[in-house]
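*Asks:* From first to last, the protein sequence lines are chains A, B and C.
Anchor point for the first sequence: position 5 equals 5 in our numbering, and the numbering is continuous, going up by one each time.
Basically our numbering = 1-based index in the second sequence + 1000.
Basically our numbering = 1-based index in the third sequence + 2000.
Hints listed in this document are in silico derivations from the structure and should not be mistaken for laboratory results.
Since we're looking at a predicted model, the values are computed, not measured.
Check before you lean on any hint, since a few could be wrong.
[What the hints assert, rightly or not] Quick list of the computed label-pair ranges, beta carbon to beta carbon:
#1 272(A) - 1277(B): 34 to 40 Å
#2 1336(B) - 168(A): 31 to 37 Å
#3 189(A) - 1164(B): 26 to 32 Å
[Unchecked claim] Straight line, CA to CA, 25 Å or less: simulated DSS-like cross-link-like pairs of lysine-lysine:
#4 2103(C) - 2084(C)
#5 124(A) - 75(A)
#6 273(A) - 1060(B)
#7 2084(C) - 2172(C)
#8 2163(C) - 96(A)
#9 75(A) - 2172(C)
#10 67(A) - 1019(B)
#11 273(A) - 246(A)
#12 273(A) - 1019(B)
#13 160(A) - 67(A)
#14 2084(C) - 96(A)
#15 2068(C) - 98(A)
#16 1402(B) - 1224(B)
Glycine included, C-beta positions come from ideal geometry on N, C-alpha and C.
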Amino acid sequence: MKILKFVQVAILAAAFIPQITLASSGAVHPPAQEWGFKGAFGKFDNAAVKRGAQIAVEVCMGCHSFKYIKFESLKQFGYTEAQIVAMAEGQGRTKKDKMLSAMDAISAKESFGIIPPDLSLMTKARKGYENYVYGILTGYLNEGEAELVAKVMEDETVSKSEALELAPVLHVDATHPEHVKHTLERIGNGDNFNKYFPGQFFAMPSPLSDGAVEYADGTESSLKQMSHDVTTFMAWTAEPTMVERKTLGFKVLIYLVFFTIMLYAVKRRIWAKAH
Amino acid sequence: MSKLMEWVDARLPISDMIKSQATEYPTPKNLNYWWNFGSLALFMLIVMIATGLFLAMHYKPDAQQAFDIVEHIMRDVNYGWLLRYLHANGATFFFIIIYVHILRGMYYGSYRAPREILWWIGVIIFFLMMGTGFLGYVLPWGQMSYWGAAVITNLITAVPVVGEDLVVWVWGGFSVGDATLNRFYVLHFLLPLVIFAFVIVHMWALHAVHSNNPDGIDIVDEEKDTLPFHPYFTVKDLYGVGVLLIIYCWFVFFAPNAFLEPDNYIPANPMQTPAHIVPEWYFLPFYAILRSIDFLGSFSKLAGVIAMVGAICILFVLPFLDRSPVRSFRYRPLSRSLFWIFVANAIMLGWIGYNPSDATAFDGALPLIILGRTGTAVYFGYFVMLFIVTAFKIEKPLPLPKSL
Amino acid sequence: MVIEAEENRRDFLILATGAVGVAGTAAAAWPFIRSWSPTADVLAQATTEADLSALAEGQMITIPWQGKPIFIVHRSAEQIAQAKEADSGSLPDPALDKDRVQKEQYLVLLALCTHLGCVPQPIGTGDFGGFLCPCHGSHYDTSGRIRKGPAPKNLPVPYYAFKDDHTVVIGKPV
Chain A
1 MKILKFVQVA
11 ILAAAFIPQI
21 TLASSGAVHP
31 PAQEWGFKGA
41 FGKFDNAAVK
51 RGAQIAVEVC
61 MGCHSFKYIK
71 FESLKQFGYT
81 EAQIVAMAEG
91 QGRTKKDKML
101 SAMDAISAKE
111 SFGIIPPDLS
121 LMTKARKGYE
131 NYVYGILTGY
141 LNEGEAELVA
151 KVMEDETVSK
161 SEALELAPVL
171 HVDATHPEHV
181 KHTLERIGNG
191 DNFNKYFPGQ
201 FFAMPSPLSD
211 GAVEYADGTE
221 SSLKQMSHDV
231 TTFMAWTAEP
241 TMVERKTLGF
251 KVLIYLVFFT
261 IMLYAVKRRI
271 WAKAH
Chain B
1001 MSKLMEWVDA
1011 RLPISDMIKS
1021 QATEYPTPKN
1031 LNYWWNFGSL
1041 ALFMLIVMIA
1051 TGLFLAMHYK
1061 PDAQQAFDIV
1071 EHIMRDVNYG
1081 WLLRYLHANG
1091 ATFFFIIIYV
1101 HILRGMYYGS
1111 YRAPREILWW
1121 IGVIIFFLMM
1131 GTGFLGYVLP
1141 WGQMSYWGAA
1151 VITNLITAVP
1161 VVGEDLVVWV
1171 WGGFSVGDAT
1181 LNRFYVLHFL
1191 LPLVIFAFVI
1201 VHMWALHAVH
1211 SNNPDGIDIV
1221 DEEKDTLPFH
1231 PYFTVKDLYG
1241 VGVLLIIYCW
1251 FVFFAPNAFL
1261 EPDNYIPANP
1271 MQTPAHIVPE
1281 WYFLPFYAIL
1291 RSIDFLGSFS
1301 KLAGVIAMVG
1311 AICILFVLPF
1321 LDRSPVRSFR
1331 YRPLSRSLFW
1341 IFVANAIMLG
1351 WIGYNPSDAT
1361 AFDGALPLII
1371 LGRTGTAVYF
1381 GYFVMLFIVT
1391 AFKIEKPLPL
1401 PKSL
Chain C
2001 MVIEAEENRR
2011 DFLILATGAV
2021 GVAGTAAAAW
2031 PFIRSWSPTA
2041 DVLAQATTEA
2051 DLSALAEGQM
2061 ITIPWQGKPI
2071 FIVHRSAEQI
2081 AQAKEADSGS
2091 LPDPALDKDR
2101 VQKEQYLVLL
2111 ALCTHLGCVP
2121 QPIGTGDFGG
2131 FLCPCHGSHY
2141 DTSGRIRKGP
2151 APKNLPVPYY
2161 AFKDDHTVVI
2171 GKPV
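If we strip away everything but chain A, and leave its shape as in the complex, we get (with noise of 0.2 Å):
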């Protein structure tokens, strides 16, 4: 009984956590999706990994390396052994070489002026996780958003409503229509804006846009699908053992909580003794 009054002190004390403001913000909280591989019973999905992985050669790995995978364990994924040479060859190595992009660090800086980071285990190594590898794919200004953009910037000038229509676009304050403009002018400069991004200009051009690939499935190669897909891709080549890891944890879940029950029974038969 001291303990449920100990646990409703502490919920009601939770309730009063006040919100915290960070003296730092900017971005957006990228929304959380669907994936299928979460939560306990959760499972890759094999052909959106798949289609994942190809988006992850024909398009990432143009820059970027996935360099704790292998092709050869593509191959898990439905991938015939003539396809994941060729794959490899793409990148100028071997079904049995690590997934390590054709540019070197050392061009890829001079171009970047950052090495693009290893994507292997990207989809861990961000707070959001999925969800903020998704936002970012998904963060740039589409089409629309782009030529709202391009239509105010014409006059150079940014006026009170184009600032309140612009604001939403841009995760701006539109009452500071100064912010406004000075958002607009690093687009118009050739920064890429990113809503998902905390400080909003991303050092990625977008990667991705309708069509960009042609999936072997069949699939509509949407911008949201291919996000979708590859992202599914990294959380596989994040944690290529989570199924494994789960398999396991419902077996010895359930030893566990038999074998505790028995202990309780023993416990208090037992007990039942004293004196």
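On the provided structure of chain A, position chains B and C as indicated by the hints.
*Replies:* Positioned in the frame of chain A, the structure of chains B and C alone reads:
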């Protein structure tokens, strides 16, 4: 068989030892479940040493390789992911258990005479655990590993006069680097064995003075007040281990990264600090105390370090601060209120430690640093107030039961 | 009677719990034991592929397989004839040349001397047109069979399979 045991016992009295110290060891019959946390801590220590040993057979303390090696363990080593997740989450559960164990001792007055030495050894074990936890967190060589090591070792520079030279000595270089990682690995391997040795002394001291109990009164009649450790407490402790394993394994198998920071999956980069660095959760209250001392100008740094270390060291003098004639807070209403304020305050300090130092609460009305300073004052205030209410007999203890 | 039954049930429960506990502890040891087995990246090296299209007649290559050297010789007609000729003679470790090759022209050998494990020298260095082990002077012929010297057995032929005419995969995939 019995002949063999006779032969051995004549030379080394194992049977007597097992009888008097384990199977028939008299244990207060009214111990509640909070007393399970001692055996749970021992269980976690064994789990940590076992998983750590097997991880060490694959790990390499090399700044160029360490990050990749951890991923090698996660991907290529058979059940390597299980060993690593057991070890990483094991640290969390070890600390949860040890905090409950310490707070149980504080609530039921287990630090009071004649258990002062038992208590001090416990505080030393806690210190060693914090050191081991910190060193272990460096080994994956991710961004949090690296910057955690950088920030914590930089505390050494607060030492007057020799601080700057001392930190270079600790690093074995001009910054945290390969040499640092290598020596941290060796120490991370060594300290758990030192902990193990202290645990043996801890249990020796315990068996010399025997367990305290929820009423905090002495055993009057061993026959009536105690039960043999076996089977009563062996089965109770095992049942506790079962419950612990269910919760622990649930995290290991279904939420293994819940207590890990995403930034530690980015390889260490000495050229770039993560936007928001935090230590492991179990250091957060002390980290908040460290940061709360920021109002003393150039003396702040040293004062912060002193406050942080002092927050643990003050536990050493707790047996002398508490002057009450009664041990257990069950019969000490004022002390009990102070205790719960202390616990709530420690949790609040942890939450403050988790947030960036420039964060504010209530829409900017309350900078967290103010709350942090208050929390630090309340933390140390507990010990002062406990002394005042007991030394000046402000607290009127409730009547104690005659026997268990 | 009632008391006895109660007592029995208690014993059974305790025994059963003990058994379940022992079984669980034993199972928990398995991941630790398994962690010593070769890792996935080591197992990936169980097989080695070699492209023989550029290997001209009379030439040989040495390739690493599971950390050990493999000789692949593209034998000339003369070398094949030499090997077949010796089939009928008395050999220390009798074996027919046709049983030691899959395609007559390609000889694949695990190049560790069966004496004390040195790597023999290339083909043509030994007395029988074959391989000479420099450590203690064992001579192997053009089929890798021991002919002279202290080595007790022929050079072993590893498991291998031709994927196509010019690609050989050495070792069994794990």
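*Asks:* Now tell me, hint by hint, if it's right for this structure.
*Replies:* Verification of the supplied hints:
1. Between residue 272(A) and residue 1277(B) the beta carbons are some 54 Å apart, a value that contradicts the proposed interval 34 to 40 Å.
2. In this structure, residue 1336(B) and residue 168(A) break the distance hint of 31 to 37 Å, their C-beta atoms being roughly 53 Å apart.
3. One distance hint, 26 to 32 Å for the beta-carbon pair residue 189(A) and residue 1164(B), is violated here, with the actual separation near 44 Å.
4. Distance check on the hinted pair: residue 2103(C) and residue 2084(C) sit about 14 Å apart at the alpha-carbon level, within 25 Å; holds.
5. Simply put, residue 124(A) and residue 75(A) have alpha-carbon atoms about 24 Å apart, close enough for the 25 Å limit, and the pair holds.
6. Of the supplied pair hints, the one linking residue 273(A) and residue 1060(B) is violated, its CA atoms being roughly 53 Å apart against a limit of 25 Å.
7. Between the alpha carbons of residue 2084(C) and residue 2172(C) the distance comes to roughly 28 Å, so the proposed pair goes past 25 Å and is violated.
8. At roughly 16 Å between alpha-carbon atoms, residue 2163(C) and residue 96(A) fall within 25 Å of each other, so this suggested pair holds.
9. Simply put, residue 75(A) and residue 2172(C) have alpha-carbon atoms about 18 Å apart, close enough for the 25 Å limit, and the pair holds.
10. Between residue 67(A) and residue 1019(B) the CA atoms are separated by roughly 58 Å; this puts the pair beyond 25 Å, and the hint is violated.
11. For the proposed pair residue 273(A) and residue 246(A), the alpha carbon gap of about 41 Å is over 25 Å, so the pair is violated.
12. Distance hint between residue 273(A) and residue 1019(B) is fulfilled; the C-alpha atoms sit about 20 Å from each other, no more than 25 Å.
13. Taking the CA atoms of residue 160(A) and residue 67(A), the gap is about 49 Å. The hint is violated against a cut of 25 Å.
14. Note on residue 2084(C) and residue 96(A): the hinted pairing is violated, with a Cα-Cα distance of about 38 Å set against a maximum of 25 Å.
15. Restraint check: the Cα-Cα separation between residue 2068(C) and residue 98(A) comes to about 23 Å, which is no more than 25 Å; the hinted pair holds.
16. The straight-line distance between the Cα atoms of residue 1402(B) and residue 1224(B) is roughly 12 Å, inside the 25 Å bound, and the hint therefore holds.
Violated hints, in rising order: 1, 2, 3, 6, 7, 10, 11, 13 and 14; the structure is consistent with all others.
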